[in-house]
Amino acid sequence: MGDKCFILDLSRKRFEGDILDISYEGNTAISEIINNDYQKDFYKLKRLDNNLGKFDYVIFFLSLNKYKRNAKKLIRSIKGNLKEDGKVVIWDIDYKRLKPFERINIKIINKNNRIKTLDEEFRHSLFTLECRDIIELLQREGFEILNKNDDSIIFYIEAKNAEEANENTVSST
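The numbering of the sequence shown is the numbering used here, which starts it at 1301 and goes up by one.
Some clues are possibly wrong.
As the list claims (entries may be wrong) - In silico SDA-like pairs for lysine to any residue, Cα to Cα no more than 25 Å straight-line:
hint, residue 1, residue 2
1, Lys1416, Ile1453
2, Lys1313, Asp1356
3, Lys1396, Arg1432
4, Lys1460, Ser1311
5, Lys1354, Asp1385
6, Lys1354, Glu1458
7, Lys1366, Glu1444
8, Lys1411, Leu1446
9, Lys1396, Leu1308
10, Lys1304, Ile1415
11, Lys1379, Glu1444
Worth flagging that the hints you see were computed from the coordinates, not collected in a lab.
All values derive from a computational prediction rather than experimental measurement.
Construct the complete structure from the given sequences, taking the supplied hints into account.
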């Protein structure tokens, strides 16, 4: 069976402010699309440290499922690293839709219309999360889903902390 090919057009994506990029073993394309006009903190992490500070964006780029059992712990712990109006942005692969050892090529178009190609090979794991699993987990942790796109193999989720937004709402009973 031939390799599957997917295109992610990130050329119009803009992230402003402080950014926490949670990559796996330093693999990320986010650094190539960051707008250099803004002051930012940029980290490539294997583990999340609560002492890093507050960020406008916490980004997982094709990395969340690679953390396997720790993926749920990472999602639960990111609230402490988000500013009040901060967002969580996730691009990831739904490995349950792939066969073991199936390869996919991901072509990423960055802000200068340059193309970076990532080659991923699926190795069977019992601890993978589908798009709906991550959405349910985010909602249980008090996040509001702002945008989602589940495009067969690759999915995208954008969320913000809904609890902080609801704290300013006054009930009229």
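> Going through the earlier hints one by one, which of them does the structure break, listed in rising order?
Replying inline: none
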